[in-house]
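Student: Count the sequence shown with our numbering and you get residues 0 to 130, in order.
Keep in mind that the hints were calculated from the coordinates and are not lab data. In this text, a Cβ means the ideal position worked out from N, Cα and C, and glycines have one as well. Among the hints, a few may not be true.
Per label pair, the in silico range of CB-to-CB distance [stated by the list, open to error]: (1) SER126 - PRO8: 42 to 52 angstroms; (2) SER126 - TYR87: 14 to 24 angstroms; (3) PHE115 - GLU34: 17 to 27 angstroms; (4) MET11 - PHE115: 31 to 41 angstroms; (5) LYS125 - MET11: 39 to 49 angstroms; (6) SER81 - GLN124: 16 to 26 angstroms; (7) TRP120 - ILE6: 35 to 45 angstroms; (8) TYR117 - ILE85: 18 to 28 angstroms; (9) TYR51 - SER4: 15 to 25 angstroms; (10) PHE56 - LEU106: 14 to 24 angstroms; (11) PHE3 - PHE115: 34 to 44 angstroms; (12) ALA14 - LYS125: 31 to 41 angstroms; (13) ALA43 - PHE3: 28 to 38 angstroms; (14) ILE6 - ALA119: 53 to 63 angstroms.
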Amino acid sequence: MHDFSTIRPFVMVFALANFLASMLIFLISRRLWGERAALVAYLAYVGSLWPYLYILFAKHQPLGLAFFLLAFYVMQKAKPVSAWYILYCLAGVLLGLSFFSSTVSSLYFPFFVAGFFYLAWQDYQKSPAET
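Let the hints inform the model, and build the full structure from the sequences given.
Tutor: Now the structure itself:
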């Protein structure tokens, strides 16, 4: 992979990031909405033309998206675990990496906050009502 004259290494990294993003879209969607909705979300992303155009033109958006989705996935996993604060810190670090990998990733921050409150609301709905 000692190719310093072409953009092939970048294309390979972004293709791997796109693969990771597609898997994370399925996993996140399955936990939030179920198996069928996850399959629809996965097929909508994989069937879209834009991620592949970003890869072919060696743009940095797939890398930012992969870090953002990884941060959201880690945030999803934080609640059932006893060491939840470590996973929340890891989610914050991954979100920061998404900001540093792509300037467009700053647009993901409201979705991350909304996802945090949505997950908190789901946990509140599942908890037994206190009287």
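Student: Confirm or reject each hint.
Tutor: Here's how the hints hold up against the structure:
1. Taking the beta carbon of each, SER126 and PRO8 are about 48 angstroms apart, inside 42 to 52 angstroms as hinted.
2. Our hint of 14 to 24 angstroms for SER126 and TYR87 holds, since their Cβ atoms are close to 19 angstroms apart.
3. For the hinted restraint 17 to 27 angstroms between PHE115 and GLU34, the CB-CB distance of approximately 24 angstroms keeps it satisfied.
4. Checking the proposed 31 to 41 angstroms range against MET11 and PHE115 shows it holds: the Cβ atoms sit about 33 angstroms from each other.
5. For the hinted restraint 39 to 49 angstroms between LYS125 and MET11, the CB-CB distance of approximately 42 angstroms keeps it satisfied.
6. Here the CB-CB span from SER81 to GLN124 is close to 22 angstroms, well matched to the stated 16 to 26 angstroms.
7. Remark: the range hint 35 to 45 angstroms for TRP120 to ILE6 is upheld by a beta-carbon distance near 43 angstroms.
8. At about 22 angstroms, the CB distance of TYR117 to ILE85 agrees with the hint of 18 to 28 angstroms.
9. Between TYR51 and SER4 the Cβ separation comes to about 23 angstroms, which falls inside the hinted range of 15 to 25 angstroms.
10. Between PHE56 and LEU106 the C-beta distance comes to about 19 angstroms, which sits within the given range of 14 to 24 angstroms.
11. The hint said 34 to 44 angstroms for the Cβ distance between PHE3 and PHE115, and at roughly 41 angstroms that hint holds.
12. Distance hint check: the CB atoms of ALA14 and LYS125 are about 38 angstroms apart, consistent with the given range 31 to 41 angstroms.
13. Separation of ALA43 from PHE3 is about 37 angstroms and conforms to the stated range, judged on CB atoms against 28 to 38 angstroms.
14. For ILE6 paired with ALA119, a C-beta distance near 42 angstroms fails the hint of 53 to 63 angstroms.
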